[in-house]
Amino acid sequence: MSDVVPLAPDLAAYLTSRISVQVGACDDDGFTSVVRALGARVSGDQCRVTILMGRSQAEPVLAMLRANGKIAVVFSHPVSHRTVQLKGRDAALEAATPADEATLGPYAVAMAGHLAAYDVPEAVARALVSCAPGDLIAVSFTPSEAYGQTPGPGAGQRLTPPANPS
Amino acid sequence: MSRLFTVDDVRNCLEGIIPAGLATCGADGMPNITYVSQLIYVDPDHVALSFQFFNKTRENILVNPHATVLMVDHLTVERFRMRLRYLRTETSGPLFERMKAKLAGIAAHDGMTGVFRLLGADVYRVLDIEPVPGRQLPPVALGPALLPALRRSTDALSACRSLETLFDTLAACLDRHFGIEHQMLFLADAEAGKLVLVGSQGYPVVGAGAEIPFGAGVIGIAAREGVPIRIMFAAAEYAYSRAIRDKASADGLMDHLETAIPLPGLAEPASQMAIPVFGCTGLLAVLYVESGQDCRFGYDLEDALVALAAQFGLALQAHRAHAAAEEEEEARASQPPNGTPAATAPAGPPLRVRHYPRDHSIFLGDDYLIKGVAGAILWLLLQDTTRAGRGEFSNRALRLDPRLHLPDLGDNLEARLILLQRRLVDRAAPLAIEKTGRGRFRLRLDRSVELREEADGSA
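Sequences listed follow chains D and L, in order. Under my numbering, the letters of the first sequence match residues 1 to 166, in that order. Under my numbering, the letters of the second sequence match residues 1001 to 1459, in that order.
Bound conformation, chain D alone:
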């Protein structure tokens, strides 16, 4: 496993800028699952990233994370397409905090704003990132790998620590 390197401040800011997030996991037989997340936060020391998601939607992903902790998370700004993937090997499930719950509203507003650029109705965008009360769960991990995935020939290049977004 790579040494723990704090995320560069601008990368941390980007990850938490209320953009589109999806989470991938796999089991030891090489089968995968995926879920859309509902936002992210970064720890004060910038070493740990926490992803929020709806438990009922994430169930197969959570089962894989519980089993092996291996996680891949892709962050993409829907308009600029700036995209970064983080990976970690120590993902752990946590209860979402009231502060996490409070981020859902602003997150939905931001996503509706991004998707409006594609004429996606606000009701569609809000439904896409909605979460029933009490269904929110958090998954935290230490990023050990970061890749720039902005579409184009350079996509997939590893971001060398201290990680910077492509």
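It should be emphasised that the hints constitute simulated quantities derived from the structure, not laboratory data. Check before you lean on any hint, since a few could be wrong.
What the hints assert, rightly or not - Ranges of calculated distance between the beta carbons of each label pair, as one might list FRET restraints: (1) L/D1175 / D/P9: 53 to 63 Å; (2) D/E101 / L/D1008: 35 to 45 Å; (3) L/A1267 / D/A117: 18 to 28 Å; (4) D/A117 / L/E1181: 25 to 35 Å.
Glycine is no exception: its CB is placed at the ideal position from the N, C-alpha and C atoms.
Since chain D is already given, all that's left is putting chain L on it; use the hints.
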């Protein structure tokens, strides 16, 4: 394999409007996740994903073929997880072309024109589709109910008794029953590798006689690949005006292609769909529909129009066979149609009509009218009407006329006459082709004409 859902049930999720997430697993046992700009329907058990760059996803599926996609219906927000197994990559052919066209639309929509370049269509078997819980919206009807529209249209096509009525009825049905305002119908000339416009609706002029080479734009690609091509968003590289010019000059076809008759069409179509029409002898025609609105034509409409085009293709072939049978009958009855004398030419200054034998181009006064087979036919009609005083023509006599030893006349004669008739209307020409009976017609002159055969090379 029994499954709750097939790809047929989740096709709206494949449009790429809300990008899907794709998870794979690498040789190191680590997951990888990426956004996928498009998934394409192959059949109820297969989908294809675009391969644009050699990336981690590609590296992974070559080692471990299992992948999972999370996809969302952009209207109802229904979500599905689809488990896939990678099978193969196609780098040319119908699926590749369908994907390339769709990708161009998505790239344009996302402001990524020139970034997406399709290297291959990765075909996956669908192992399982699982609904994902979450808030949904009620389904929205985007247009008329398609099955009733299809039934009314096929009923109407079955009632047609002439080729011209068949063309007109197809156009009317698309407009009335399917709510399609902008449409064109092209006949295929496989030998010459081009399509000729025979009818259109929703534009200031019909544009009869305009041509598109096979392979150019959505229409030409649908013809070349024999597969429907559908684009959801405006894609500059598939705008046919540009595509045709680029393709024709690349292939050195400019001389053979009718470029003087402009295609009608929207300046910037947002949604485009081209459907090849087949008969038992192969490609007969291409139907093209377009709209200024994004996402106007979905998978279900594509299915309905493919079914309608199949019916239309069979009817087209049946009409041709019927016309041929009638000509046989006429031959047996052996009544030459020359009996009726031509009407007396109207008074007034004559219209000068020029003919250039090299490509059979015809000019009315200084205005270009048409060239090629249609030009040759018109020249013959003009000569016989004015010089031989012939008042009526039969399709059969025309087909056998030694002066028209043109290779591709064959089955297309009646369609060529319709095309010529419409071109004359488009140009508001003082001459017209009028049907006088089954397989018979006359050339009506509203002005006297002065025919001039020009030396080649002086056009």
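**OP:** Could you say whether the range 25 to 35 Å given as a hint is met by the Cβ separation of D/A117 and L/E1181?
**Re:** 27 Å, holds
Original post:
Quick one: are L/A1267 and D/A117 within 18 to 28 Å, going by C-beta?
Top reply: Given a distance of about 23 Å, which is inside 18 to 28 Å, the answer is holds.
Original post:
Do the beta carbons of D/E101 and L/D1008 sit within 35 to 45 Å of each other?
Top reply: With a Cβ separation near 39 Å, D/E101 and L/D1008 satisfy 35 to 45 Å, so the hint holds.
**OP:** Starting from the hint 53 to 63 Å, judge whether the C-beta atoms of L/D1175 and D/P9 obey it.
**Re:** With Cβ atoms ~59 Å apart, the hint holds.
In terms of the numbered hints stated before, the structure departs from none.
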